[in-house]
Amino acid sequence: MKPKVCILRTDGTNCDEETFYAYEKAGASCRMVHVNQLRLKEENLAGYQILALPGGFSYGDDVHSGKILAVELTSFLKDQLAAFVAAGKPVLGICNGFQVLVRTGLLPDLTIGEISAALITNDSSHFECRWVKLLVEQSNCIFTAGLEDTIMDVPVAHAEGKFYTGRSTLAKIENNRQVVFRYADTQGRPAASYPANPNGSLNAIAGICDASGRILGLMPHPERYVETTQHPNWRRLTGANQPHGLAVFHNAVNYARQM
Amino acid sequence: MIQEVRVTIKPDIPDPVGEEILYEINHTLHIRSVKKVRCARVFRFEGITEDEAIFLAEKLLAEEVFQSCRVNGPVFEDAATVLEVAYKPGVMNPEVSSLLKAAADLGLAGLIAADASRLYGFYGHGVRAEDIKKITGKLLVNATVERLITEKPETLLIHGAPGRTAVIPLRNMDDTQLMALSRDRLFLNLTEMQAIREYFTGIGRDPTDCEVEIIAQTWSEHCVHKTFKAELLVNGRKKEPLLHRLKEVTESLRHPLVLSAFVDNSGVMEFYEGLAICGKVETHNSPSAIEPYGGAMTGSGGVFRDIMGTGRGAKVVASTDMFCFAPPGTDPADIPSGCLHPHYLLRRVVAGVRDYGNRMGIPTNNGSVHFHPGFRAKPSVIVGAYGILPAALGRKGEPEPGDVALAAGGRTGRDGIHGATFSSGEMTDRTVEVNASAVQIGHAIEEKRLLDAILAVRDKGLIRAITDCGAGGFASAIGEMGAKTGARIALDRAPLKYPGLDPWEILLSESQERMVIAAAPEHAAQIIKICRDFNVEATVLGEFTGAGRFEATYSGETVMDLDMEFLHHGLPQQAREAVWRRPQFAEPAKPPVPEDWPALYRRVMGHLNVCSKELIVRQYDHGVQGTNALPPYGGLYGDAPNDAVILAPVPGKPYGMVISHGLNPALNRIDPYYGSLWAAAEAASNAAAAGADPAELMLIDNFIWPFPDEELLGALDRAVDACVDFARATGMPFISGKDSLSSTYRDSDGKVIKIPPVLCVSAFGRIPDIRKTVSTDFKQAGSRLVLAGYRDAAEMGGSVYYKLAGYAGNNLPKINPANLTKTLKAVHRAVSTGQALACHDISEGGLAAALAEMCFGGNTGAAVNIPPAEPAANFLFNETAGCFLLELDAGADAGSIFDDVPFRVIGETTLEPVISVGQDGARLFTVTLSELKEAWQEPMKEVFHR
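Protein chains in written order, with the working numbering: chain A, 1 to 259; chain B, 1 to 946.
Where hints are given, some of them may not hold.
Claimed, not checked - Below, a list of computed lysine-lysine pairs in the DSS-like style, where the Cα atoms sit at most 27 Å apart:
#1 A:2 - B:653
#2 A:4 - A:25
#3 B:10 - A:172
#4 B:238 - B:10
#5 B:814 - B:825
#6 B:59 - B:138
#7 A:41 - B:101
#8 B:315 - A:25
#9 B:460 - A:41
#10 B:59 - A:41
#11 B:814 - A:41
#12 A:25 - A:2
#13 A:4 - B:484
#14 B:653 - A:25
#15 B:484 - B:247
#16 B:59 - A:78
Keep in mind that the hints were calculated from the coordinates and are not lab data.
Produce the entire structure from the sequences given, and follow the hints as far as they go.
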């Protein structure tokens, strides 16, 4: 049985089709679900094994990136979200989806309605689109099982991607090994400076998970590297190269199959 | 009572936007007294209590992790000066609808209006009032759409009386009165005004304001292209109208892949597996000149809607942008009054393209920027878009009598009134005052959800015909759709942004993000439901009738009743005379020989028309949709430019589409015929260099010309001839195009500045297998370097090299399109068979620039030998388009690839990251890649601070 993925979209979601394609390629069966359909009860998250919040500019990223959608989810769909997470089902938020997960409070602490971290304006002050290297950290994140200590090539494309939080929260997510991805330099070390760290994120944090490892949010776009020819230098690559982003989706699908 | 919430970033956390503004203040405005800038947001709410405002602040507006907020109290109390900047009332503020939505989601029922603005705190001892005035005027406030807020507003609501329709006593007007009516409002000439007077005299009544306005709009140069349709007498010889020539050559080519040419909102070609692709390129010069951010946004939004409104609805897959500005370092004293500085224009235009394309999720991945002092009074801002749709829906739909006309998308406001007529008039120092309403801010999310809704409606098979509301708004969209049938609409059904619009304003408003759909009446309810599911408002405005008239009512009263025939065909055809005399420019008798080759090489690489534009592309989400198979920049460090972009719009499929373009204002000034051939050759060469088959390329023309007097019309005639000759010789049809004949500025003394004429040619096509394409970066050391193509290296006119030596020159590259066709085929052969490891076409900066960029991409050096007896500077810096530098494996047989196309092995790639050039066995010079790259990247770093 193919796991069913809910690709949640709303006004301004714009990476939904790539995310759909990535999950389908990884063996899932996807459905585009507009947040209105959940509000109108035409759809229910309970019918899905995986939830994906794709990138884009939900509601224009007005006020804060992902904020208006986060308010909508916590106002109307809190119970469905809580039930989905309580059932141990994986949630992936990419770029704007990560911003939404943080602003709902689902990341890093699973406290819906309580915000403890933020993705804020890049140090460069503007939108930036470039390929970066990601160091996959040791963690219990189900999306990166078997990828630990590898380096991934993926693109970032955002204006508000600087991971920021207070000292105690930062210490907590570091100690709990909730940091899943860090921006890396050419040697694979965590990158402190631009452009390897494209936004000035604290501790070079590019993606984090909750304590269970089943909710993952990241700024870079693994769904944009699920075909070899999506790499900007695929013509220079030698040997058999599995597109780096695909493994993230494979892991989620495999996990959901065993649930 | 208005509640105010001010949100600041906590003082110990950096404020990057404030730092960026500070940099601009210090480095661009050269004001040193300001030491620090902090930014805040101001939100205002009407209809809620202070407690409710506090609740909103906590739940929505401020995040305690990094922000602080103040309700009904000041912030930055320690600053030397505080400025608050807001959009003027009535200007679209996209954030407001989100504030209302989120407040409602949080359960606040009483909120009736909201607004959002920006607050800046300036710190530093000795910040003078005149400094703040300059910062306000030059940097933070564009008075066309923005204003300073100095006190708390009484209300946020816009009030207005019900609309009224006036009758204009046109029949009794003499010619002077007719022209007084036309000036600043209708932009029609006396003959045209007389034709209107004659029509209404004939039907025995005076027109309403709706009728006069719609005629002026329909007959505007922007909408009807009078000059392109005029009978021409060139140097005394009668010639076919310009548009006719372009269409005729396309028809004569009978290209098997063309699905739709010149009849729809974009040109459509066959793709693969039952799909079609389409392309459209537009200019948005006039709005961008006075409000570059909004102008660029609405330019992008408009051309995206052209794609959405192609056939029976297409998905937008790419965006392109081509700009011409004066150099960013231009002395402010040289900028004419009423015009904006190019440094500001460039940054704001880039921001507009960025914010619209990125938010809509459309990759902006092909473009260029050209600099010439001639653009100091008005820039050329060219935006393109490309789409994909089922081939069966690829041809323009036709409404049937009885079909409903639905308006979908944004609401109608007073913004954008007179955009079509404004774009057709010349710009003066009064333009900003008179036509402020012609400029607006785009709302990308409104358009994104509209695109989502339209594709859903299309996929249900509910669309009979669709078009966008661009210039002329409903008047133009419904007037054109119903030209054969007739249409009747009720203007009071149109949802309005605020009350108080007169019927003619509703009819003519160019509010963005609106489309008109024609559908069978039984489908209307389903369309409205689908739209609502995507939070899109759709409304039946009226129907298509079969009566051949364009009728409009307001509150039951007829406010317009015009014969479609008169509206669309009553415009007197113009007869225009043109003369062409070639201007003469300074030309050296012998090519100047540089004293210091490396220094010259660096200057060429650092020339504004050669330098890297990567920092612009990085601000665009050029990778969204995940389709790039050849991105705009690649190579080892991601900083080497490719010639074209190749997209794989259907993920997982091997086939792709290629997009490229060419333009060269410098050559056009010398000779518009050869300058235009160059532009077309450059567009096709860029595509071929990446691996496109020249037999499967389509072209799009954009003529951006000053208001044509006899000589400029002569130049335009030559440019069109070049396009026709190019198409005929190469077999590439033009399938879409646009002319914008308003690149003229008149100052308060009546002095006219003619902006340099530009022809931009865009090319797009299909590629069966994206794996058989190539990038520009060198792949290895030890490869052979081959220069291929026809050129006379002595043709240095218009080159960057000449410009640096102080000449324009007359002897410009004279491309032979028949020869070019042979070269393009050979290059395609080399690339598609995998024999070329890298390929780059030659353009500004010549072989030298192409070579350096290829070296940057692979971090590979090169050793090049210039043929004996060839002047070295010509060899290195000649800019003839249609020539290519290829990297071939050392074992490849260049002779079998190029056949009778001229080619020469000029050297090889090397491990050491230097370029060394020799001639006659002696070394001419050696230069390191790092010094070239530094010079090449510097100019845009200067503008974009990276």
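We went through each hint and held it up to the structure:
Under the criterion of a C-alpha separation no larger than 27 Å, the hint pairing residue 2 of chain A with residue 653 of chain B is consistent with the structure, at around 23 Å. A hinted pair counts as satisfied when its Cα atoms are at most 27 Å apart, and residue 4 of chain A with residue 25 of chain A qualifies at roughly 13 Å. Simply put, residue 10 of chain B and residue 172 of chain A have alpha-carbon atoms about 22 Å apart, close enough for the 27 Å limit, and the pair holds. Note on residue 238 of chain B and residue 10 of chain B: the hinted pairing is violated, with a Cα-Cα distance of about 72 Å set against a maximum of 27 Å.
Taking the CA atoms of residue 814 of chain B and residue 825 of chain B, the gap is about 20 Å. The hint holds against a cut of 27 Å. Between the alpha carbons of residue 59 of chain B and residue 138 of chain B the distance comes to roughly 36 Å, so the proposed pair goes past 27 Å and is violated. With a C-alpha separation of about 19 Å, the suggested pair residue 41 of chain A and residue 101 of chain B falls inside the 27 Å cut-off, and the hint holds. A distance of roughly 22 Å separates the Cα atoms of residue 315 of chain B and residue 25 of chain A; the hinted pair therefore holds under the 27 Å criterion.
Note on residue 460 of chain B and residue 41 of chain A: the hinted pairing holds, with a Cα-Cα distance of about 22 Å set against a maximum of 27 Å. Under the criterion of a C-alpha separation no larger than 27 Å, the hint pairing residue 59 of chain B with residue 41 of chain A is consistent with the structure, at around 25 Å. This hinted pair does not check out: residue 814 of chain B and residue 41 of chain A have alpha carbons roughly 67 Å apart, beyond 27 Å. Of the supplied pair hints, the one linking residue 25 of chain A and residue 2 of chain A holds, its CA atoms being roughly 11 Å apart against a limit of 27 Å.
Between the alpha carbons of residue 4 of chain A and residue 484 of chain B the distance comes to roughly 49 Å, so the proposed pair goes past 27 Å and is violated. Restraint check for residue 653 of chain B and residue 25 of chain A: the C-alpha separation of about 13 Å stays at or below 27 Å, so the hint holds. Simply put, residue 484 of chain B and residue 247 of chain B have alpha-carbon atoms about 21 Å apart, close enough for the 27 Å limit, and the pair holds. Note on residue 59 of chain B and residue 78 of chain A: the hinted pairing holds, with a Cα-Cα distance of about 15 Å set against a maximum of 27 Å.
Taken one by one, the earlier hints fail for this structure at numbers 4, 6, 11 and 13, listed in ascending order.
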